[in-house]
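Engineer: Sequence:
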Amino acid sequence: MTKADLIKRVEESTGLKYEDAKKACEVFFQVIQESLLRMEPVRIVNFGKFYIKKTNARKGRNPKTGKSLMLKPRYLVRFKLGRQLKQELINSTPKEQK
743 MTKADLIKRV EESTGLKYED AKKACEVFFQ VIQESLLRME PVRIVNFGKF YIKKTNARKG
803 RNPKTGKSLM LKPRYLVRFK LGRQLKQELI NSTPKEQK
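Just so we're aligned: the sequence shown equals residues 743 to 840 in our numbering.
I should point out that these hints are in silico values taken from the structure, not numbers from a laboratory. The model shown is predicted, which means the values in this text are computed figures rather than measured ones. Incorrect hints may have been included.
[Said to hold, decoys possible] Here are the simulated lysine-lysine pairs, DSSO-like style, with alpha carbons at most 30 Å apart:
| no. | residue 1 | residue 2 |
| --- | --- | --- |
| 1 | Lys828 | Lys795 |
| 2 | Lys791 | Lys745 |
| 3 | Lys764 | Lys745 |
| 4 | Lys795 | Lys809 |
| 5 | Lys745 | Lys796 |
| 6 | Lys750 | Lys764 |
| 7 | Lys764 | Lys822 |
| 8 | Lys814 | Lys796 |
| 9 | Lys796 | Lys828 |
| 10 | Lys828 | Lys764 |
| 11 | Lys795 | Lys806 |
| 12 | Lys765 | Lys791 |
With the hints as extra help, turn the sequences into a complete structure.
Structural biologist: Structural data, given as structure tokens:
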């Protein structure tokens with residue numbers, strides 16, 4: 743599903759005009775982004791949690807040359823499924839991807 747698909751589904755589900763549905767989705771994503779930039783987890787009950795995880799510096803290898811190098815620490819966005827969504831995924835029949 744793309745962002746445009748998501749906006750279309752919000753439009754159809756709520757009866758909002760396309761522009762209003764687009765604005766609602768954009769504000770939702772902006773709020774999540776701002777929270778993550780402040781290192782605050784975003785918990786959505788029955789859905790899941792977005793959070794930031796810091797990785798430590800580590801030794802890596804350039805696959806092209808084989809030369810060892812040190813990789814800098816970095817921040818990654820992680821998502822943990824909520825209990826209800828996890829259970830629904832376990833109990834559902836997988837649908838074929840298009």
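Engineer: Now tell me if each hint is right for this structure.
Structural biologist: Status of each hint after checking the structure:
no., hint, verdict
1, Lys828 - Lys795, "21 Å, holds"
2, Lys791 - Lys745, "20 Å, holds"
3, Lys764 - Lys745, "9 Å, holds"
4, Lys795 - Lys809, "27 Å, holds"
5, Lys745 - Lys796, "27 Å, holds"
6, Lys750 - Lys764, "8 Å, holds"
7, Lys764 - Lys822, "26 Å, holds"
8, Lys814 - Lys796, "11 Å, holds"
9, Lys796 - Lys828, "25 Å, holds"
10, Lys828 - Lys764, "28 Å, holds"
11, Lys795 - Lys806, "28 Å, holds"
12, Lys765 - Lys791, "23 Å, holds"
Violated hints: none; the structure is consistent with every hint.
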